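Here is how the chains run, residue by residue.
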Amino acid sequence: MNIVEFKGVSRVYTNGEHEQRALDHVDLSLEEGKFIVVLGPSGAGKSTLLNLLGGLDSPTEGTILVGGKDISTLTNNELADYRAATVGFVFQSYNLIPTLTVIENVALVKEIAPEPLSSHDMLKAVGLFDHIHQFPAELSGGEQQRVSIARALAKNPKILLCDEPTGALDSETGVMVLKLLLSMARDMGKTIIIVTHNQNIAKMADVVVRVKNGRIQSCESQQNPLAVEEVDW
Amino acid sequence: MLLKKLFRTLWQYKAQFISMVLMIALGVGVFLGFNIEWYSLEVNTNEIYTATGFADYRIFSEKGFSGDDLNAVLSIPGVEDATRFLSVNTTVQNDTDVIALTVSENMNVSGILLTSGEAYDEQSPDGLWLSDQYAQANGVSVGDTLTLTYKMLTVTGTVRGLVKASEYLICLPDETQLMPDYSSYGYAYMSPVMLEKIVPAIFKSFIGDSLYFQINVKSALDKATFVKQADAALGKTFLVLSKAETISWAEAQGEVEEGKTMGSILPVLFLAIAILTMVTTMHRITASEKTQIGTLKALGFRDRRILRHYTCYALIIGLLGTVLGVGIGYWLGWFIMNPSGAMATYIDMPSWKLYAPWFCWVVLALINVFLTFIGFLSVKKMLQGTAADALRPYTPKKIRHLALEETRRFKALGFGTKWNLRDLFRHKSRSCMTLVGIVGCMVLLVGGLGMRDTADGFVDVFFNQANNYETRVNLDGESVINAEAEALAGQYGADWCAQSSVQIGDRGFSLEIYSVTHDKVRFPDEAMQFITLSDEGAYICARIAKEFNVRPGDEITFSPYGGDQTYTVKIAGILRSMSESVVMTKAYADAAGIAYTVNTLYTDETEIAPHSHILNTQTKQAIMDSFDTFMDLMNTMIYLLVLAAVALGVVVLYNLGVMSYTERYREMATLKVVGFKNSKIGRLLISQNLWLTVLGILIGLPAGVGVLQYLLTALASEYEMKLSLGPATYLVSILLTFGVSLAVGLMVARKNRHIDMVSALKGQE
Numbered sequence: 000m001n002i003v004e005f006k007g008v009s010r011v012y013t014n015g016e017h018e019q020r021a022l023d024h025v026d027l028s029l030e031e032g033k034f035i036v037v038l039g040p041s042g043a044g045k046s047t048l049l050n051l052l053g054g055l056d057s058p059t060e061g062t063i064l065v066g067g068k069d070i071s072t073l074t075n076n077e078l079a080d081y082r083a084a085t086v087g088f089v090f091q092s093y094n095l096i097p098t099l100t101v102i103e104n105v106a107l108v109k110e111i112a113p114e115p116l117s118s119h120d121m122l123k124a125v126g127l128f129d130h131i132h133q134f135p136a137e138l139s140g141g142e143q144q145r146v147s148i149a150r151a152l153a154k155n156p157k158i159l160l161c162d163e164p165t166g167a168l169d170s171e172t173g174v175m176v177l178k179l180l181l182s183m184a185r186d187m188g189k190t191i192i193i194v195t196h197n198q199n200i201a202k203m204a205d206v207v208v209r210v211k212n213g214r215i216q217s218c219e220s221q222q223n224p225l226a227v228e229e230v231d232w
Numbered sequence: 000m001l002l003k004k005l006f007r008t009l010w011q012y013k014a015q016f017i018s019m020v021l022m023i024a025l026g027v028g029v030f031l032g033f034n035i036e037w038y039s040l041e042v043n044t045n046e047i048y049t050a051t052g053f054a055d056y057r058i059f060s061e062k063g064f065s066g067d068d069l070n071a072v073l074s075i076p077g078v079e080d081a082t083r084f085l086s087v088n089t090t091v092q093n094d095t096d097v098i099a100l101t102v103s104e105n106m107n108v109s110g111i112l113l114t115s116g117e118a119y120d121e122q123s124p125d126g127l128w129l130s131d132q133y134a135q136a137n138g139v140s141v142g143d144t145l146t147l148t149y150k151m152l153t154v155t156g157t158v159r160g161l162v163k164a165s166e167y168l169i170c171l172p173d174e175t176q177l178m179p180d181y182s183s184y185g186y187a188y189m190s191p192v193m194l195e196k197i198v199p200a201i202f203k204s205f206i207g208d209s210l211y212f213q214i215n216v217k218s219a220l221d222k223a224t225f226v227k228q229a230d231a232a233l234g235k236t237f238l239v240l241s242k243a244e245t246i247s248w249a250e251a252q253g254e255v256e257e258g259k260t261m262g263s264i265l266p267v268l269f270l271a272i273a274i275l276t277m278v279t280t281m282h283r284i285t286a287s288e289k290t291q292i293g294t295l296k297a298l299g300f301r302d303r304r305i306l307r308h309y310t311c312y313a314l315i316i317g318l319l320g321t322v323l324g325v326g327i328g329y330w331l332g333w334f335i336m337n338p339s340g341a342m343a344t345y346i347d348m349p350s351w352k353l354y355a356p357w358f359c360w361v362v363l364a365l366i367n368v369f370l371t372f373i374g375f376l377s378v379k380k381m382l383q384g385t386a387a388d389a390l391r392p393y394t395p396k397k398i399r400h401l402a403l404e405e406t407r408r409f410k411a412l413g414f415g416t417k418w419n420l421r422d423l424f425r426h427k428s429r430s431c432m433t434l435v436g437i438v439g440c441m442v443l444l445v446g447g448l449g450m451r452d453t454a455d456g457f458v459d460v461f462f463n464q465a466n467n468y469e470t471r472v473n474l475d476g477e478s479v480i481n482a483e484a485e486a487l488a489g490q491y492g493a494d495w496c497a498q499s500s501v502q503i504g505d506r507g508f509s510l511e512i513y514s515v516t517h518d519k520v521r522f523p524d525e526a527m528q529f530i531t532l533s534d535e536g537a538y539i540c541a542r543i544a545k546e547f548n549v550r551p552g553d554e555i556t557f558s559p560y561g562g563d564q565t566y567t568v569k570i571a572g573i574l575r576s577m578s579e580s581v582v583m584t585k586a587y588a589d590a591a592g593i594a595y596t597v598n599t600l601y602t603d604e605t606e607i608a609p610h611s612h613i614l615n616t617q618t619k620q621a622i623m624d625s626f627d628t629f630m631d632l633m634n635t636m637i638y639l640l641v642l643a644a645v646a647l648g649v650v651v652l653y654n655l656g657v658m659s660y661t662e663r664y665r666e667m668a669t670l671k672v673v674g675f676k677n678s679k680i681g682r683l684l685i686s687q688n689l690w691l692t693v694l695g696i697l698i699g700l701p702a703g704v705g706v707l708q709y710l711l712t713a714l715a716s717e718y719e720m721k722l723s724l725g726p727a728t729y730l731v732s733i734l735l736t737f738g739v740s741l742a743v744g745l746m747v748a749r750k751n752r753h754i755d756m757v758s759a760l761k762g763q764e
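Chains S and A, in that order, give the protein sequences.
Position 120 of the first sequence, counted from 1, bears residue number 119 in numbering that gives the first Met the number 0, the numbering being contiguous throughout.
Position 355 of the second sequence, counted from 1, bears residue number 354 in numbering that gives the first Met the number 0, the numbering being contiguous throughout.
Chain A on its own, in the form it takes in the complex:
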């Protein structure tokens, strides 16, 4: 019989029950969804790292490694496996596409995964194993022939298979690009046999068998030990990068960390609101059920039985919310992490299975225990005392005079304002919950839309304004001499850059030496204002400044990769930069005696004549186009946040609105009997909502900006973004929050048309 009562009571309080189930479902869904996102990314990337034997270390040499060098590395205790490795950017013949042509002697280290076609053949004289994403974007199929050029060399091969590779998990030509663009950049592997075949004999006789500029190593040694051992084995200091310093690993891990950060803020907000809503609503429901609880007690039901019965409500709500939330969580996870989504353009993983971290299930179980406990405590309170005590209706807290009532201004207020004010203070938990809901809605909107503003500003400053050129010309750093490069720069009215790799401590960074005379490249400072580089010192990016705790006026020491020299430079300023770099002018580099080779020109010319020193060209438009994907990914997140914000606002406000309506039902019936019209009573109800909305917006705006700042700080290791919020973001956030509040307010206010004055006022209070 009690079971029947259980379901009928559920139906009686359906608005509250549905709201609570939805709130919990939203909380659980967002919590699980974001955790599924980062954890699936971690598991799936680990899968490809393991399957392809992703190297732990990369040793670089400017002159190439011999077979003996490889054997020396293999003989280091703690080295499991190693391979000589080569990757050069080649240009597709009759096209501007660039393909990183890659050769590895041992595919057990940083190898490939076949997705279609023939398995990799290390003896193949003409086979290419091409990136499946590049193939798809450019309509290349297995069996097609590709001709690639590198300087004076031409390589023609047949596509034997389509692959994915851990080395190109995030396929970016360099750090200045944010997103892969497979329509213009990809990679291909060929066998060492083919490499031998295409390199002219005369070249080989000159450099011996040192065609490979990199050794990839699998080893569990820590970096300091490995570097020491490698230097000893090779008899020279080489640049060594750990996997954490590769784009593939660092960016994927950055994405995982980003997911963890997102997964720690939003779900906490949602779950906290869900639990608080549950506390408030369960208390209200048991309070209005008090007479029934008393009746059961008076009939002879034991307290334990009554407790069990009413605790079941909380349990049912918790379980239903959790089941629905798990569904939402997996949908959210799938929405972000699916092979045709924006994330798939960024990270080229073979598997997109969804995994939830184990602790999520523990948290969900604890939430259910906690929710049930809330229900238990609410009923326990109503059962206190004798059966006669329990039978007495619940008496709300006694109303007290507010301190502000003594003020003249309060006395002058209309009755509606006084009524609403006192109601707000009398039902503090309900009012606070409404406020929290509105603040939450506002935080999500400001955070989400503000993130887009910030990203827009970031792309605009770093790429549109800072790159004030039309064409970037990449020179062959190995063959060009500075005088020739400067002559080319003069010919095209170009600014130039000499980019090389340096080490600060044991970390690798980029050294960029600029000659800027045509305003083709610009440098934003910490405040995102473009500055003219001083000849009196070097500039460092914000990340280096933070990592080494240095400020302008301090000095910093670096050494070129593989070289023995060290340079100590004075820090003239801090820049915001895409790459982790040290930047200086040509004049300062010359004065400091730093050797460099010019390898990039920046010009407004779009017609660049072929030249023996020019490797390839990139248009600014091509770089800008790649941001479309970045912005797509960003927009997906924004839509989700806006959706979540609106859902949160609607559910919380509707639940509490209905609660407020139920509690004031009798008062509204009285007003109606006295002669108040429905519209006037509706306005009274809505005005309380609107006050809380205005207050919520006032709190939510700075809170949203704070959360966004926290997110940006958490992401600072990946992007040096500066918080920027446009007026439209403020306006849309305010209007949307206001709109949600007003719409829900109207929905609840409409109910007062159905107040039955006769039955509402019949009973005794």
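Bound-form chain S, shown alone:
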């Protein structure tokens, strides 16, 4: 069953007279519960695709259906509700609130998510239960990224959107984070969409979407994705 459908989606940025077409008539369908990797060089439009799907931005034309619901025409407040209930975000730069502790960063989603999961459980799941009273600045990059994943998961979203989640991490920590994300798809049935330009990550994906110049070059399912340990980092 498709959880995401892009139908003729374009996103055009205008800067004075200059027009930049970040996405150009994109059609794309993604299945629920899969581990999906979106690949492409810098400026290809992959982050734009993720931002549109995450409700951070709206398309200039076309329709985006998530779980059968059109999100391209939602108002600001409806988009906020959508982000609170349906999608979780993981960024390259973690984006934790520096003045809240680890547990508080995760628990804050309780204020907005309709069906939040236990913050303690999520932190246990990412292996950070011993650090719950520390501030983000007291953690390593990998630990901060795991807090960010725990926060995203605590909302109990259908889709987890990850923008270069290992970009700021060393390879060892990156592997740990990817393992964690993969288990979210396999064990919890979440749809994980990772945007990256790292070709290696694609080897472990169920679906690989290649983007270039604002268009979808290919969208291929992999029958036998590699396990994280099998990937040559």
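Take the hints with a grain of salt, since some may be wrong.
[Claimed, not checked] Some chain A residues flagged as far from chain S (calculated, every beta-carbon gap over 12 Å): (1) 14; (2) 152; (3) 402; (4) 535.
[As the list claims (entries may be wrong)] Chain S is faced by these chain A residues, among others (derived, beta-carbon under 10 Å): (5) 150; (6) 400; (7) 404; (8) 414; (9) 419; (10) 421; (11) 425; (12) 660; (13) 668; (14) 669; (15) 671; (16) 673; (17) 674; (18) 675.
What the hints contain is simulated information worked out from the structure, not anything from laboratory work.
No experiment lies behind these values; they were computed from the predicted model shown.
Even for Gly, the Cβ is constructed at its ideal location relative to N, Cα and C.
Keeping the supplied structure of chain S fixed, place chain A upon it in accordance with the hints.
Chain A in isolation, oriented as in the chain S frame:
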């Protein structure tokens, strides 16, 4: 190229730059404005004192001075010039207006300044030189005829010129009145020739040429020396008052001192806030510019060049703020000191030019040097280390756990509360500055509105309640005997007072002996409660008590003007009083053997029949009307203070609010991405502001009362006011401060609608 960058960066941080320029402009404006006020008053009053030869000493005699007496005074070494002088209150015929008719033999001493008409002619047989303010208020023009009566005498003269006089710079009939009222009281000068003409021959043969009860003297001698020399020259002890003891000088100087006091508190508050804002903001701006500073350094720009470039920001802000502030200062000075303003009704000066004291320019230069130095230090800090160090983004102070986090109550708090609390403690200087801004706003409001409450209470107690009569009847103290005065009092159901002048040490005060049987006059004690005077002692005003350091139970000695007797009286209590006076009952005065002449009656009767012993009458309403001007002057100051308070609150809170918003931009973008709505993020932002506002109000209320008490203590030599604040003042101050904070909070919170989540979260921290 760097110059282009300079202007573009100014534009980029426009909210902060404009706020800082405004803060400095406000600080400089208030500082300069209040200093211009008192200094212009000093220079302009000095101008009229110099131009008219304002006398340094006044010698008083109850029997008048002869030409020989004048020559004796003129022969004192150190006396530059002197004149015999006469001033009597006359009534305008067919009217109740009173005009102080004045004659001086030598217009070089306490003379007049012509504003229109003919120059003063000392030989004029029928010319009057009338107060231009009185003329304007009553529609009198040059060429008109005025008929004035004094006892049985009638004087008719033609108004030859309109004038101003230093002796009547503050034109009050007596010390019980606060403000001049030119519609009912003025002054006129006539020549000695005219005086000779109107005084009947039979009167002259009786008193000789001693028509003048006063000699005005110009002399640089100190008072003790002059009094000693004058007593020796005249062969008798006379009352001598220095210029500092005249209403004209004392009140004008009081106003100057008041300006200096105001000029020392408010501007310090404003300037301190401006400088602190500058420190906080410059640090924040250079911190966010750190990568650019590092880039310039890495490109090969020398530290000195980069320092110069960034220090220019502070210099530009300082200079712009100063220029704008000087404009505000002169406007403020003009607003208080202009010929059609309320101050002009109080002080009748010929010139209203504005002058700024020289030290203001020095202070302004120092402020600019200091502000530039703040900029310099902020950049210097960012330039430390290698180019690579400078290139690294500024890392804010590491967040630490607060002690209160261990408490159960803290743990139970919502995330928003924790977020805001930690932010407050993490950015202490920003939080403190916000607090200082709110406290400042509150202090100004409580101080300003409280001053009006206090003045209202003062006028109400001293004039409305203490004067429980309808008409005040002034008797001719020279002709009336006490039995006749008491008979008149009986006829009108009046209380009476025998007022005279006495000396305590070498200072002149008023002695007031009362017979109060009809509750027409009341006496407020230090707590502003009316008391019944005891027959067991005398009462002194708070100013005498302070000056001579005496308390109830002590004794005080005084002697009547020009007399040799001395009286020592026991102090029964301390009163708050308009005049500096010793007060006692008739019974106590009789027991102490103090001689007196009844000269004032207080009655509820409004129809007072003409009587040979009655000089004139004054209605209580006329006295109360003169307060309208006083309250106008007060209200002008209050409006300015309220305006300043709101401006201060808005500028400080907006600047710091924008700073807080910028610093938390990324966090708010994260909240938005997570799914928080704009309204919820807005509420989070506003709630921090509101906490600080509540705290600021809690500190600002007592601080405002403290500042007001300080002001009242500083003004105690002029008015014996007691601090009184009405509930409305507290309410309005709190609501206005809260309103300002909320409005600014909303303004800043609205910005979060425009947070661009994508670009905010794109970069690396």
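Consistency of the hints with the structure:
Interface exclusion of residue 14/A from chain S stands, the closest Cβ pair being 23 Å apart, more than 12 Å. The non-interface label for residue 152/A is consistent with chain S: the shortest C-beta to C-beta separation is roughly 87 Å, beyond 12 Å. For residue 402/A, the shortest C-beta to C-beta distance to chain S comes to about 14 Å, beyond the 12 Å cut-off, and the non-interface label holds. With a minimum CB-CB distance of about 71 Å to chain S, residue 535/A clears the 12 Å threshold, and the non-interface call stands.
Hint on residue 150/A is violated. Least Cβ distance to chain S is approximately 85 Å, over the 10 Å limit. Look at residue 400/A: its Cβ gets to within about 8 Å of chain S, closer than 10 Å, so that hint holds up. Contact between residue 404/A and chain S, as hinted, is supported at the beta carbon level, the nearest pair being about 9 Å apart and thus within 10 Å. At its closest, the beta carbon of residue 414/A sits 4 Å from a beta carbon of chain S; the interface hint therefore holds under the 10 Å criterion.
At its closest, the beta carbon of residue 419/A sits 9 Å from a beta carbon of chain S; the interface hint therefore holds under the 10 Å criterion. Taking 10 Å as the C-beta contact cut-off toward chain S, the hint placing residue 421/A at the interface holds, the least distance being around 4 Å. Annotation: interface hint on residue 425/A holds; nearest CB of chain S at approximately 6 Å, less than 10 Å. Interface restraint check: residue 660/A against chain S, minimum CB-CB distance 15 Å, threshold 10 Å, status violated.
Residue-level restraint check for residue 668/A holds (minimum Cβ-Cβ distance to chain S is 8 Å; threshold 10 Å). Hint status for residue 669/A relative to chain S: holds, with the closest Cβ pair at about 4 Å, below 10 Å. The beta carbon of residue 671/A is positioned within 10 Å of a beta carbon in chain S (closest approach about 7 Å), and the interface hint is therefore held. A distance limit of 10 Å between C-beta atoms decides the matter here; for residue 673/A the minimum to chain S is near 6 Å, and the interface restraint holds.
Because the closest C-beta pair between residue 674/A and chain S is about 3 Å apart, less than 10 Å, the hint holds. The restraint placing residue 675/A at the interface with chain S holds, with a minimum CB-CB distance near 6 Å, inside the 10 Å limit.
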